[in-house]
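**Student:** So the sequence lines, in the order shown, correspond to chains A and B.
Per this note's numbering, the first sequence starts with residue 1, numbered consecutively.
Per this note's numbering, the second sequence starts with residue 1, numbered consecutively.
Honestly, the hints are just simulated from the structure, not real lab data.
Backbone N, C-alpha and C define an ideal beta-carbon position, used for all residues, glycine too.
Treat the hints loosely; a few may be bogus.
Here are some, though not all, of the chain A residues that point toward chain B, as calculated from beta-carbon distances under 8 Å [as the list claims (entries may be wrong)]: (1) K123; (2) I126; (3) A127; (4) C155; (5) N164; (6) G191; (7) D193; (8) Q194; (9) D197; (10) T254; (11) A272; (12) G274; (13) L300; (14) A303; (15) Q308; (16) H312.
One letter stands for each residue in the lines below.
There are 2 protein chains.
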Amino acid sequence: MTGLSRVYPPDRVVLREVGLRDGLQMVQRHPSTAAKAEWLRRESDAGVRHFEVGSFLPANAMPQFADVREIIDICQNLNVHSAALALNDRGAADAVQTPVGEIVTVVSATEEHSQANARRSRKEAIALVGRTVELASGSETSPLVQVGISMAFGCSIAGEVDPNEVVRIAAECADAGADVIGLADTVGFAGPDQVKDLVERVQNELGDVVLSIHLHDTRGMGVANASAALDAGIRVIDGSLAGLGGCPFAPGATGNVVFEDLIYLCERKGFATGIDLERLMSAREVAASEMPDEHLFGALPRAGAPRQINWHAQQTTG
Amino acid sequence: MTGLSRVYPPDRVVLREVGLRDGLQMVQRHPSTAAKAEWLRRESDAGVRHFEVGSFLPANAMPQFADVREIIDICQNLNVHSAALALNDRGAADAVQTPVGEIVTVVSATEEHSQANARRSRKEAIALVGRTVELASGSETSPLVQVGISMAFGCSIAGEVDPNEVVRIAAECADAGADVIGLADTVGFAGPDQVKDLVERVQNELGDVVLSIHLHDTRGMGVANASAALDAGIRVIDGSLAGLGGCPFAPGATGNVVFEDLIYLCERKGFATGIDLERLMSAREVAASEMPDEHLFGALPRAGAPRQINWHAQQTTG
Chain A
1 MTGLSRVYPP
11 DRVVLREVGL
21 RDGLQMVQRH
31 PSTAAKAEWL
41 RRESDAGVRH
51 FEVGSFLPAN
61 AMPQFADVRE
71 IIDICQNLNV
81 HSAALALNDR
91 GAADAVQTPV
101 GEIVTVVSAT
111 EEHSQANARR
121 SRKEAIALVG
131 RTVELASGSE
141 TSPLVQVGIS
151 MAFGCSIAGE
161 VDPNEVVRIA
171 AECADAGADV
181 IGLADTVGFA
191 GPDQVKDLVE
201 RVQNELGDVV
211 LSIHLHDTRG
221 MGVANASAAL
231 DAGIRVIDGS
241 LAGLGGCPFA
251 PGATGNVVFE
261 DLIYLCERKG
271 FATGIDLERL
281 MSAREVAASE
291 MPDEHLFGAL
301 PRAGAPRQIN
311 WHAQQTTG
Chain B
1 MTGLSRVYPP
11 DRVVLREVGL
21 RDGLQMVQRH
31 PSTAAKAEWL
41 RRESDAGVRH
51 FEVGSFLPAN
61 AMPQFADVRE
71 IIDICQNLNV
81 HSAALALNDR
91 GAADAVQTPV
101 GEIVTVVSAT
111 EEHSQANARR
121 SRKEAIALVG
131 RTVELASGSE
141 TSPLVQVGIS
151 MAFGCSIAGE
161 VDPNEVVRIA
171 AECADAGADV
181 IGLADTVGFA
191 GPDQVKDLVE
201 RVQNELGDVV
211 LSIHLHDTRG
221 MGVANASAAL
231 DAGIRVIDGS
241 LAGLGGCPFA
251 PGATGNVVFE
261 DLIYLCERKG
271 FATGIDLERL
281 MSAREVAASE
291 MPDEHLFGAL
301 PRAGAPRQIN
311 WHAQQTTG
């Protein structure tokens, strides 16, 4: 069994909790390192095993990620899988000096967004994927490399995105050696049929690559889109605790799809998550006390899981 | 073309706005008749054509529905389809004295809930369906009759619900002459695969009966369940403006699936709704000013529809 299939077993659903990365991207006040440690400990106690925890950036660029190395060490001590962003060569070089389990890099689906957001072409971004893969595979810890394709379902600058372009970019990233390809609905434009269509197209082209999906709930479609992605065969889904993570392109919008609600979705669809919803609630307390200005979303935390029915998946794989 | 296929054309999606009925079920303070009229006028201007507007009950039982006759008259003047609950013989007799377009009656999926909620057996409730159909078809205005099967996806008292029982009840209601069978996730337990399964079972048994679905967003699955229902062939979906309508069985829970978000879902799935989201927003202002204590839900009202893409369905039928 490769490291890849240990981290992302093909017969199981994996929920990645990205609150400590994408959830903190826009916040004014961010949790202390100790609070992040407690957040991770409580989620890990609840059964969460996959986290995206920060970004390798100069500390003055985004102070909320200045402690990324410590957080990765904490993940290692908790024996959970850690992932972190590295958006340039320097970041990737820094990442491989740590025990991070997965390096996440980003390629925009559109040239317009690539230039505006990262000041480079998509071609340059894909070349960086290749260099990151080389660095990672040549390093002592051999972290996985995921490429998130941002704006894959519509772009805040270019508008409609041709799914064939996304398939082409995904194929080039896979050729460059990416272990995981992530399809990101960065600004929450997608509908479920579009999700199903794109996932199927990418799977048809790429075969057995590990595909993940990253959804924002900006227009309330997050859970529906996750359901469609599961129907199409996706087994790796990002979410953030309490739906943290506003979007700079959509003021007032919610952030990522709510992690807690994804658990209910998966279990009701027959995919065991291994996560205890009740225990997970205690992690929200950390977010609430550390970031009192952030709205915490989520239907399950509000209503609770039904006690009258057995809503858990009946098998452990699906 | 029958009245039924004029009201619910089989090749179109119909969204029923039930805010003035289910949305007011639990509120402390309710809109004045004039405000309800304005609510209907604004929604009608936005293209909404189907409303559930109250219940035929003694005025002292639920004062928020005391003006149901006036509201039905207003619907008639606006040339929109009105529906109202009638939960006993007296209510049905009252209903057929008005120009209401559709009488909605309810049968519980479980004997336990039927006894606890309506103090009658399911058999008695189905007998009432038959009498209501007789009254309706013998009346001057011949309103349609819909039977909502409450707790169809799980019961707050009995727990799990056998889908075969729901199919059996649906068949008996159709035999009793119901024009529309509604499947209601009254307490928000359902997941999308369960919705798809039950809709397909009922369709297989009942053939060409008009099926509708009534979803509560208590556990965040509302839009995902609506998407699954559409995939399974449902073309009539209930929602309430701003997701109004708390559930007595789930304190703190949200109410019905958000009407505004359903519009985005349908359009993104290729089903034209004929509803202008921007104009619909002005109806929320009525709800906000008349019921200042109610939380108004909805992602589309918060984030707005995307301006960068054409998110409308490309055809007018689907």
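**Student:** Kindly indicate which numbered hints from before are broken by the structure, ordering the numbers from low to high.
**Tutor:** 1, 2, 3, 5, 9, 11, 12 and 16
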